[in-house]
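Chemist: Sequence:
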Amino acid sequence: MPPAILWYRRDLRVHDLPALAAALSDGADAGVVPVFCFDDALLHGRFASARRTWFLLQTLQALDARWHELGGRVWWRRGNPAQELADVVRLTGATAVHASEDFSAFARARDERVARQLSDVGAELTLHPGVAISSDLGALRTKAGKPHIVFTPFSKVWGAQERRELVKTPTQLHTPPGKRGALPSLEDLGFDPADAAVEDPPQAGEVAGVAAAKSWSQQGLAEYEERRSDLAAVTSRLSAHLHYGSVSPLLVERMTLDQPGPGSQTYRSELAWRDFYLQVLLQFPYVARQEFQEKYRALSWEDDPEALERWKAGQTGYPVVDAAMRELAATGFMHNRARMIVASFLTKDLHLNWREGERWFMQQLLDGDLASNNGGWQWTASTGTDPAPYFRRMFNPTLQQQKFDTSGRYVRRWCPELAQVPAKRLAEPWKMSPAEQRQAGCIIGTDYPEPMVDHAEERRHAVERYQAVSA
Numbered sequence: 043m044p045p046a047i048l049w050y051r052r053d054l055r056v057h058d059l060p061a062l063a064a065a066l067s068d069g070a071d072a073g074v075v076p077v078f079c080f081d082d083a084l085l086h087g088r089f090a091s092a093r094r095t096w097f098l099l100q101t102l103q104a105l106d107a108r109w110h111e112l113g114g115r116v117w118w119r120r121g122n123p124a125q126e127l128a129d130v131v132r133l134t135g136a137t138a139v140h141a142s143e144d145f146s147a148f149a150r151a152r153d154e155r156v157a158r159q160l161s162d163v164g165a166e167l168t169l170h171p172g173v174a175i176s177s178d179l180g181a182l183r184t185k186a187g188k189p190h191i192v193f194t195p196f197s198k199v200w201g202a203q204e205r206r207e208l209v210k211t212p213t214q215l216h217t218p219p220g221k222r223g224a225l226p227s228l229e230d231l232g233f234d235p236a237d238a239a240v241e242d243p244p245q246a247g248e249v250a251g252v253a254a255a256k257s258w259s260q261q262g263l264a265e266y267e268e269r270r271s272d273l274a275a276v277t278s279r280l281s282a283h284l285h286y287g288s289v290s291p292l293l294v295e296r297m298t299l300d301q302p303g304p305g306s307q308t309y310r311s312e313l314a315w316r317d318f319y320l321q322v323l324l325q326f327p328y329v330a331r332q333e334f335q336e337k338y339r340a341l342s343w344e345d346d347p348e349a350l351e352r353w354k355a356g357q358t359g360y361p362v363v364d365a366a367m368r369e370l371a372a373t374g375f376m377h378n379r380a381r382m383i384v385a386s387f388l389t390k391d392l393h394l395n396w397r398e399g400e401r402w403f404m405q406q407l408l409d410g411d412l413a414s415n416n417g418g419w420q421w422t423a424s425t426g427t428d429p430a431p432y433f434r435r436m437f438n439p440t441l442q443q444q445k446f447d448t449s450g451r452y453v454r455r456w457c458p459e460l461a462q463v464p465a466k467r468l469a470e471p472w473k474m475s476p477a478e479q480r481q482a483g484c485i486i487g488t489d490y491p492e493p494m495v496d497h498a499e500e501r502r503h504a505v506e507r508y509q510a511v512s513a
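Quick note: the sequence shown uses this note's numbering, first residue 43, plus one each step.
These aren't lab readings, by the way, just hints derived from the structure by calculation. Misleading hints may appear alongside valid ones.
Cross-link-like lysine-lysine pairs, in silico, BS3-like; alpha carbons within 30 Å at most [unchecked claim]: (1) Lys198 <-> Lys185; (2) Lys210 <-> Lys198; (3) Lys221 <-> Lys188; (4) Lys337 <-> Lys185; (5) Lys473 <-> Lys354; (6) Lys354 <-> Lys466; (7) Lys198 <-> Lys188; (8) Lys221 <-> Lys198; (9) Lys337 <-> Lys198; (10) Lys473 <-> Lys445; (11) Lys354 <-> Lys445; (12) Lys210 <-> Lys256; (13) Lys256 <-> Lys188; (14) Lys337 <-> Lys188; (15) Lys221 <-> Lys210.
Simulated restraints on C-beta separations [as the list claims (entries may be wrong)]: (16) Ser161 <-> Gly220: 48 to 56 Å; (17) Arg502 <-> Pro189: 34 to 42 Å; (18) Pro189 <-> His86: 40 to 48 Å; (19) Arg279 <-> Arg480: 33 to 41 Å; (20) Ala510 <-> Leu299: 41 to 49 Å; (21) Ile485 <-> Val199: 54 to 62 Å.
Cβ atoms here follow ideal geometry from the backbone N, Cα and C, with glycine treated the same way.
Could you put together the complete structure from these sequences and hints?
Modeler: Right, dumping it as structure tokens:
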């Protein structure tokens, strides 16, 4: 019996991996060849990111170390996955290739091409659950048999759907000898390491991901319900691990449900959002490039490169917006509440296309995920699946700061020029008197920018824009 092939994509672990279990069964006598293929169509596509690629490489290095501990090694390839996997089949004589199902139109078209080419060389591609918590996102339908486009009813059906059993972690792995290649560097892949730099990056890989999930479930969930929107609070920081699959999402859900209290159910709801947006991408693949709501495809967007650059740089004059954008630039991470605030500011105060924000986030975020990022941006831009009226998603940045950074810790951390501004002025520092500015060591217009827009005025303008295409 020849070895089986495990094609890794965004399921970079050995625990709870149905594709690995199937490959172990098919390759019981000769072993399993785990293959990761660096695809330039993804690496240098419209959402190229040095940061995300760096974290991917760190995760892959940890994955190879995990295989080595258990007796195997990962094979590295770069190029067209269909051609590269067919070459591995020829080298090994494998007839079975296993992988975890992915959901974007790009991924599904790629898998169809791979399946056809593998068939030509006598091998079969089989896809398995493992990327989502649900084992069958396509089966989650309304009573009328239609795909879900509203989160709340989706979450009820999703929560009631029967889960597969967790797959046991193998205690031993075997990879037959062969030309496994070498793990490339960031430079080898065409990226500048300077573009990947982040402060205090999370440790990558399966061991770190599982440990972080355990720590969060045992220590973080208790306060999650109360503090989840506090911008200065510590959240799970599992998103990058979930994106690359270094921790099983089903395992995270199981750990979450094992904990009592309201925080557990609230966090499970956040996990449901991840599956919801994967399901939207599966059922409505056009959302990756178009507004879900057809009427909003006619929205007029302003073209203002200078305003866009000020938003990216955290120089808008609105402290909570600037703090969030600076956190993103420094760490490759942003609190979910902050993501909504800055997205609303870009689309409803600056009237800039949500795609600009989507692209910037995908470039900067370590956890940049097509489904979740696109879904979040369309949610805030009011162009997506959720039917809430557009005027309910026009966040006042001043009020958001006062409500979700009551201590001022978040803003003072990322906007140090505001460190001595009195608490009563921190959300609106431009209202300080000249004397207050001197005392705080922060001259508005010199040390910290004046507000680039008036929120109340821009809100009225946004209403007019949306009303023009809503009639």
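Chemist: Work down the list of hints and note, for each, if the structure agrees.
Modeler: Verification of the hints:
{"no.": "1", "hint": "Lys198 <-> Lys185", "verdict": "holds, 12 Å"}
{"no.": "2", "hint": "Lys210 <-> Lys198", "verdict": "holds, 28 Å"}
{"no.": "3", "hint": "Lys221 <-> Lys188", "verdict": "violated, 47 Å"}
{"no.": "4", "hint": "Lys337 <-> Lys185", "verdict": "holds, 26 Å"}
{"no.": "5", "hint": "Lys473 <-> Lys354", "verdict": "holds, 24 Å"}
{"no.": "6", "hint": "Lys354 <-> Lys466", "verdict": "holds, 27 Å"}
{"no.": "7", "hint": "Lys198 <-> Lys188", "verdict": "holds, 15 Å"}
{"no.": "8", "hint": "Lys221 <-> Lys198", "verdict": "violated, 48 Å"}
{"no.": "9", "hint": "Lys337 <-> Lys198", "verdict": "holds, 28 Å"}
{"no.": "10", "hint": "Lys473 <-> Lys445", "verdict": "holds, 19 Å"}
{"no.": "11", "hint": "Lys354 <-> Lys445", "verdict": "holds, 23 Å"}
{"no.": "12", "hint": "Lys210 <-> Lys256", "verdict": "holds, 17 Å"}
{"no.": "13", "hint": "Lys256 <-> Lys188", "verdict": "violated, 36 Å"}
{"no.": "14", "hint": "Lys337 <-> Lys188", "verdict": "holds, 21 Å"}
{"no.": "15", "hint": "Lys221 <-> Lys210", "verdict": "holds, 29 Å"}
{"no.": "16", "hint": "Ser161 <-> Gly220: 48 to 56 Å", "verdict": "violated, 22 Å"}
{"no.": "17", "hint": "Arg502 <-> Pro189: 34 to 42 Å", "verdict": "holds, 36 Å"}
{"no.": "18", "hint": "Pro189 <-> His86: 40 to 48 Å", "verdict": "violated, 32 Å"}
{"no.": "19", "hint": "Arg279 <-> Arg480: 33 to 41 Å", "verdict": "holds, 39 Å"}
{"no.": "20", "hint": "Ala510 <-> Leu299: 41 to 49 Å", "verdict": "holds, 46 Å"}
{"no.": "21", "hint": "Ile485 <-> Val199: 54 to 62 Å", "verdict": "holds, 56 Å"}
The structure fails to meet hints 3, 8, 13, 16 and 18 from the earlier list, while all remaining hints are met.
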